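Visitor: Sequence:
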Amino acid sequence: MTGALLSVWRWIDKFYYRLTRLQYVDESGQNLFRVVVKPYRGETLITRDGVRLEKGDLYAKLHLHNFRIAQLLTERSKADGHGGIVEELLVLRQIRRSFPALARYLEGHPQGPEIHVLLGTTFLHRGAGRLGFDVQTLPGRLRPLLKSFFLKWILVCCHPQGWGRVSEHRHHLVPKRVFISKEQFNQQHMRGRDHG
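Every letter in the sequence shown is one number past the one before it in the UniProt record's numbering, and letter 38, counting from 1, is 38.
Since the hints were derived computationally from the structure, they do not count as laboratory data. Treat the hints with caution; some may be incorrect.
[To be verified] Taking lysine-lysine pairs in the BS3-like style, the calculated list, with each CA pair at most 30 Å apart, reads:
| id | residue 1 | residue 2 |
| --- | --- | --- |
| 1 | 38 | 61 |
| 2 | 176 | 55 |
| 3 | 55 | 38 |
| 4 | 176 | 38 |
| 5 | 176 | 61 |
Computed from a prediction, not measured in an experiment: that's the story for all the values here.
Work out the full structure, taking the sequences as your base and the hints as a guide.
Guide: Now the structure itself:
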């Protein structure tokens, strides 16, 4: 991604940040998560450890910091020119490094005691099960199509190979819902290190 495109994406990201009321997990600029705590509006979800998320319950909606991911991928592409699995591993490693700060953020949140589930929608769901997350197909017909279009557009904007990347992996780019109870998330990731 060129410097000009990154500048445009930075502006879009700031607008999106304000529109969605996202909160930064920390101010370091390195964490790949932003969060909004909100009432749940979907059908009942049950995590693998039996925690129920029902309509009206507060939950932590997870958003990946796509502008930061774009920066990471652009820096790596300029540095060594590698792509594909190397880039995926880079992003996944940074996601795992972001977990401890995310756990601490939710523990310290004013509504922390009322938050029992973390939930997000992503293409990056392969391997989520090993991290304790449940993975589920998005409900309905229109919603998955809209989510897929939106996430593919983000991927085009933030990936150095743009449309080429989307075309090459279009059959694998199916967004899914990932979720985990806050208790299980804390047990697995609270004591981890931010960098390591």
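Visitor: Hint by hint, note whether the structure agrees.
Guide: Cross-check of the supplied hints:
1. The hinted pair formed by residue 38 and residue 61 meets the criterion: a straight-line CA distance of about 7 Å does not exceed 30 Å.
2. For the given pair, residue 176 sits about 20 Å from residue 55 by alpha-carbon distance, which is consistent with the 30 Å threshold.
3. Only pairs whose Cα atoms come within 30 Å are accepted, and residue 55 paired with residue 38 is accepted, the gap being roughly 11 Å.
4. A threshold of 30 Å between alpha carbons decides the hint, and for residue 176 with residue 38 the separation of about 20 Å falls inside it, so the pair holds.
5. For the hint pairing residue 176 with residue 61, the CA-to-CA distance comes to about 14 Å; that is within 30 Å, so the pair holds.
In this structure, every one of the numbered hints holds.
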